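Work the whole structure out from these sequences, hints included.
Residue numbers (my numbering), protein chains in the order written: chain A, 35 to 283; chain B, 121 to 363.
Treat the hints as calculated values from the structure; they're not laboratory data.
Computed Cβ-Cβ distance ranges for the label pairs, DEER-style:
hint : chain 1 : residue 1 : chain 2 : residue 2 : range
1    : A       : Asn105    : B       : Pro300    : 45 to 53 angstroms
2    : B       : Ile308    : A       : Pro60     : 54 to 62 angstroms
3    : A       : Gly174    : B       : Val143    : 26 to 34 angstroms
4    : B       : Ile308    : A       : Gly96     : 53 to 61 angstroms
5    : A       : Ala154    : B       : Leu141    : 24 to 32 angstroms
6    : B       : Phe169    : A       : Glu104    : 50 to 58 angstroms
7    : B       : Asp150    : A       : Glu216    : 36 to 44 angstroms
8    : A       : Asn105    : B       : Thr133    : 15 to 23 angstroms
9    : B       : His287    : A       : Arg167    : 55 to 63 angstroms
10   : B       : Arg146    : A       : Ser262    : 50 to 58 angstroms
Listed below are the simulated DSS-like cross-link pairs for lysine-lysine, each with C-alpha atoms no more than 25 angstroms apart in a straight line:
hint : chain 1 : residue 1 : chain 2 : residue 2
11   : A       : Lys191    : A       : Lys79
12   : A       : Lys250    : A       : Lys265
13   : B       : Lys216    : A       : Lys127
14   : A       : Lys250    : A       : Lys215
15   : A       : Lys79     : A       : Lys108
16   : B       : Lys142    : A       : Lys108
17   : B       : Lys142    : A       : Lys148
18   : A       : Lys127    : B       : Lys142
19   : A       : Lys79     : A       : Lys215
20   : A       : Lys79     : A       : Lys241
21   : A       : Lys222    : A       : Lys209
22   : A       : Lys209    : A       : Lys191
These numbers were taken from a predicted model, which means no experiment stands behind them.
All residues carry an ideal CB built from backbone N, CA and C; glycine is no exception.
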Amino acid sequence: MIEIKNIAKTFGDRQVLAGIDGSFQPGETSLVIGGSGTGKSVLLKCMIGLVTPDEGEVLYDGRNFLTADENTRKAIRREMGVLFQGSALFDSKNVFDNVRFPLDMLTQMSEDEKADRAHASLQRVGLENAEQRMPSEISGGMKKRVGIARAIVMNPKYLFCDEPNSGLDPLTSIKIDQLIKEITDEYKITTVVITHDMNSMMEIGEKIMFLFEGHKLWEGNSDTLAHSDVKELNEFIYANKLLRELERK
Amino acid sequence: MVTLGRYFIFLGTLVRNRERLKVYLRLILDECVDIGVNSVFIVAIVASFIGAVTCVQTAYNLDNPFVPRNIIAFIVRDSTILEFAPTISSIVLAGKVGSSIAGQLGTMRVTEQIDALEVMGINSSSYLVLPKVIGAMLMFPLLTIMAAFLGILGGYLAGVIVGVISHEDFMTGLRFSYNPFGIKFALIKTEVFAFLIATISAYQGFNVSGGALEVGNASTNAVTASCISIIVADFVLTQLLLA
Ligand SMILES: Nc1ncnc2c1ncn2[C@@H]1O[C@H](COP(=O)(O)OP(=O)(O)OP(=O)(O)O)[C@@H](O)[C@H]1O
Ligand SMILES: [Mg+2]
Chain A
35 MIEIKNIAKT FGDRQVLAGI DGSFQPGETS LVIGGSGTGK SVLLKCMIGL
85 VTPDEGEVLY DGRNFLTADE NTRKAIRREM GVLFQGSALF DSKNVFDNVR
135 FPLDMLTQMS EDEKADRAHA SLQRVGLENA EQRMPSEISG GMKKRVGIAR
185 AIVMNPKYLF CDEPNSGLDP LTSIKIDQLI KEITDEYKIT TVVITHDMNS
235 MMEIGEKIMF LFEGHKLWEG NSDTLAHSDV KELNEFIYAN KLLRELERK
Chain B
121 MVTLGRYFIF LGTLVRNRER LKVYLRLILD ECVDIGVNSV FIVAIVASFI
171 GAVTCVQTAY NLDNPFVPRN IIAFIVRDST ILEFAPTISS IVLAGKVGSS
221 IAGQLGTMRV TEQIDALEVM GINSSSYLVL PKVIGAMLMF PLLTIMAAFL
271 GILGGYLAGV IVGVISHEDF MTGLRFSYNP FGIKFALIKT EVFAFLIATI
321 SAYQGFNVSG GALEVGNAST NAVTASCISI IVADFVLTQL LLA
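Shown next as structure tokens:
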């Protein structure tokens, strides 16, 4: 379980996050939604330690990530996998080496063991045939899948995905979403997904947190999403004209 | 001033919290190929022609019959070893290696590859930058030695072909009043330049924020800052070591 308490972050004189609380359960896909620039990525970066919040706590199964000593932090880091907004594959390494990379750097496994793990991970995301391709030679959707394979190769307890379906066609998006959800169920991972994709919210939103200008305004799930009385949330989800018309019927 | 401070803090992060030694060996080897082998051609061309030009130019400036011709070879030798081979090669390398280091690291920064390393708990600056610094410091001296050799050879060939100096005169001049400290001095300078180019360019690339445009700017800044630092360091080292 991941808990965040009272996270606040200011850049210069701009408050990006204010008093964000929340908890994320194992085996559950939790979504963080909100408009562009509301601080979703910053919240994620605070959780994974790329940005230090001005205030607040991040607890990984009770271990305080921000105040922990270097060894505990390292241990927690090994338990998390991250899929970045742009996939962030290492462009000097092929697909297979990208996935094997965390094993090379962080474990003492034998070569065979590492290769097996990397194969298995790539198989899980359906890319066993693209192992020798370079990142520049594969499509955006494939990059995301390689990113997921790399994120899960260490068997993480916590998985973070920043807009896993931005820039993908609707069908590919749904496949990526399904993949994330399946992996989460299968390995009982605590998964946090940032998105502003309506499909994802309805399909995989077991728990949803809505951010608006750095504040958490609403929390619920895909069933209660459409019936909230939060004005900003309604404006956000009904920005889509089609949905607005559907709602009217 | 703030930049200078940040640069030194950055240097500190290179050596803190390193990865296993084995990891670096591979990376350093790759960088040696990248930095060294791939720069042989350009350094060779520039060095030979500068040697050739120096020889011919000196010959025209010294057409006084009372000055012995072998002085030309002496001048070619000393200016090549002391100045052209280390400094001009390093300026050429600042353009080639510096911009590629800044571009590569800048791209990794804006595409979140550096974040990805950090999240895994890897010290990204030492993992990415240290091998480049060591690779540069291993390869630059070799390139300088090659440049010195080719510069003198270029001078010899040009001099003899154009007919401004004979083979015998050149050989006499080449051996005239030889001071082995010259080579040591050239290598010390080269090591300093290598360190400056690699770290300054890495610093520029590492601190990019934004997108492709900023990566391009960082490359340009890396080359400019490296060149200025080379010239300043050249002056300071010449004062310190030769005066
Ligand atoms: N390192 C930083 N320095 C200064 N300001 C920053 C930094 N990172 C983010 N910001 C600012 O914080 C705000 C929130 O950014 P964030 O990236 O979290 O938005 P987001 O909700 O992820 O948006 P999007 O959906 O477009 O990705 C933005 O206004 C951004 O300019
Ligand atoms: Mg974002």
